[in-house]
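Asks: Given only the sequences and the hints, what does the whole structure look like? Please build it.
For reference, the chains in residue letters:
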Amino acid sequence: MCETVGLTRRFGRRRAVDGVSVSIAAGECLALFGPNGAGKTTLLRLLAGLLRPSGGEVRLLGATLRSDSASARGQVGLISHQSMLYDVLTVRENVAFAARLHGMDDVEHSTQAALDRLGLTGRELAPVRSLSRGWQQRVSIARAIVHGPALILLDEPYTGLDVSGARALTKLLSSLRDDGAALALVTHSVEEGLSLATHAAIMLDGTIRQYDATAGLDAGMYAEMYRKLALESAA
Amino acid sequence: MKAPGTLAVAWMIARKDLAIEYRTRSAFFSSLVFSLLGVSIFYMVWDPTAVRPIDMAPGVLWTIFAFAGLLGLHRAFGLELQTRAMDGLLLAPVSREAIFLGKALANLVYVTSVLAITIPAVVLFYNLEFGSGLLILGAIGLLAAVGLVTVGTLFSSMTVHTRFAELLLPMLALPFFIPVVVPAAQASAKLLVGASLSSVMPWIQVLVAFDLMFGVACVLAFPFTIED
Numbered sequence: 391m392c393e394t395v396g397l398t399r400r401f402g403r404r405r406a407v408d409g410v411s412v413s414i415a416a417g418e419c420l421a422l423f424g425p426n427g428a429g430k431t432t433l434l435r436l437l438a439g440l441l442r443p444s445g446g447e448v449r450l451l452g453a454t455l456r457s458d459s460a461s462a463r464g465q466v467g468l469i470s471h472q473s474m475l476y477d478v479l480t481v482r483e484n485v486a487f488a489a490r491l492h493g494m495d496d497v498e499h500s501t502q503a504a505l506d507r508l509g510l511t512g513r514e515l516a517p518v519r520s521l522s523r524g525w526q527q528r529v530s531i532a533r534a535i536v537h538g539p540a541l542i543l544l545d546e547p548y549t550g551l552d553v554s555g556a557r558a559l560t561k562l563l564s565s566l567r568d569d570g571a572a573l574a575l576v577t578h579s580v581e582e583g584l585s586l587a588t589h590a591a592i593m594l595d596g597t598i599r600q601y602d603a604t605a606g607l608d609a610g611m612y613a614e615m616y617r618k619l620a621l622e623s624a625a
Numbered sequence: 592m593k594a595p596g597t598l599a600v601a602w603m604i605a606r607k608d609l610a611i612e613y614r615t616r617s618a619f620f621s622s623l624v625f626s627l628l629g630v631s632i633f634y635m636v637w638d639p640t641a642v643r644p645i646d647m648a649p650g651v652l653w654t655i656f657a658f659a660g661l662l663g664l665h666r667a668f669g670l671e672l673q674t675r676a677m678d679g680l681l682l683a684p685v686s687r688e689a690i691f692l693g694k695a696l697a698n699l700v701y702v703t704s705v706l707a708i709t710i711p712a713v714v715l716f717y718n719l720e721f722g723s724g725l726l727i728l729g730a731i732g733l734l735a736a737v738g739l740v741t742v743g744t745l746f747s748s749m750t751v752h753t754r755f756a757e758l759l760l761p762m763l764a765l766p767f768f769i770p771v772v773v774p775a776a777q778a779s780a781k782l783l784v785g786a787s788l789s790s791v792m793p794w795i796q797v798l799v800a801f802d803l804m805f806g807v808a809c810v811l812a813f814p815f816t817i818e819d
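Residue numbers (the numbering used here), protein chains in the order written: chain A, 391 to 625; chain B, 592 to 819.
Hints in this document: simulated from the structure, not taken from any laboratory. Here a beta-carbon is modelled for each residue, glycine too, at the ideal position from N, C-alpha and C. It cannot be assumed that every hint is accurate.
Said to hold, decoys possible - Here are the computed distance ranges between Cβ atoms for each label pair: (1) Gly729(B) / Gly452(A): 52 to 58 Å; (2) Gly427(A) / Leu715(B): 57 to 63 Å; (3) Asp646(B) / Ala516(A): 53 to 59 Å; (4) Gly596(B) / Thr549(A): 32 to 38 Å; (5) Gly427(A) / Ser621(B): 35 to 41 Å.
Replies: What follows is the structure, given as structure tokens:
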């Protein structure tokens, strides 16, 4: 589904992402852990085609993803801690706008389906700015999945959510993964990441230091290993 | 699922921007108030015994038009950055050129709306007689607005990520507005003295040439301004 080969991105002399090779198949979720500045967000933006690699490549559905390849970009959905919504517009207008941009055949139907899936029915006409952070995040997800993307990228989607909001988000992302989407999730929370992921990676200084399948992985031990690696890296 | 065409996307984006502006009315009203205040201030400092209204009015109109237009141009991309909505546009399977055209179209509607109120205000304050030339003045205004918006939209996208965007945008854009403001002011002055269309035509041709040249250049340059 999605694969990176020796992916590198430099900002000046600094290598924010340095020779990263990972792959995520359909129905899999890769959780990326790492301290601030490890290169996680840069990696996600490279996967989305929003950044041009300095070296290596991203392959999505067998084709090389380039920032100027419009059709490949259309296979990606991005959810971040920023809502990426127009707060003056209503919930429905935001989601329908995304559906139109992606050339959905039946904008009304696909918009309604996304709203229903996120439990936004009844709030369609509310301006986004009138919603709480948790509800805005739901709208943000509806916007990102309205076109049925093959790859969903999540950059710290749990930021600002309360416990029930985080639980609902995990449930929703699990259903998207089970429906065959490939997910890449950046989070600081090992527990939340592992509850969703099929694979986990620890990223430090732009490189993948640890890569594991999550089946049978103990969350407590993994968190401890992550803490040690992060401390070693900081030292 | 079929990716929409360039003009369809441009219209979608323009419609969305105009819906946001209609609900907030932030840029339009600030530009309009600036415009009307500018006309009033110029009127109050004007000495009618020293300068004739037909010598004063064209300069006032087009200078205010350039500055009032600038006020709203910054917000074209500013509203995309508040919540990183720009990423949503860039991820869609649409061309970068379509995004530029959509932004420019929305800006054009907003700038011409401000101009549509500023022109009558100047006509009233300076007691001008355009007669049938008012239609030609309208066409000149539209051509000038296209030039201003094309260049302004490009510079707005270039400067929006910078720390001093609101300062940098006028510094970069105003020099490029000179080839728009000068022909527009010259053509208006000629219209005020009752000159024929043929004598105004060279200035109109300058505006058309500017619009075509910078229109193409800005559309082609825009994708480079949004690359990270």
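Asks: Would you mind marking each hint as holding or not holding in the structure?
Replies: Hints, verified against the model:
| no. | hint | in the structure |
| --- | --- | --- |
| 1 | Gly729(B) / Gly452(A): 52 to 58 Å | 55 Å, holds |
| 2 | Gly427(A) / Leu715(B): 57 to 63 Å | 60 Å, holds |
| 3 | Asp646(B) / Ala516(A): 53 to 59 Å | 55 Å, holds |
| 4 | Gly596(B) / Thr549(A): 32 to 38 Å | 37 Å, holds |
| 5 | Gly427(A) / Ser621(B): 35 to 41 Å | 39 Å, holds |
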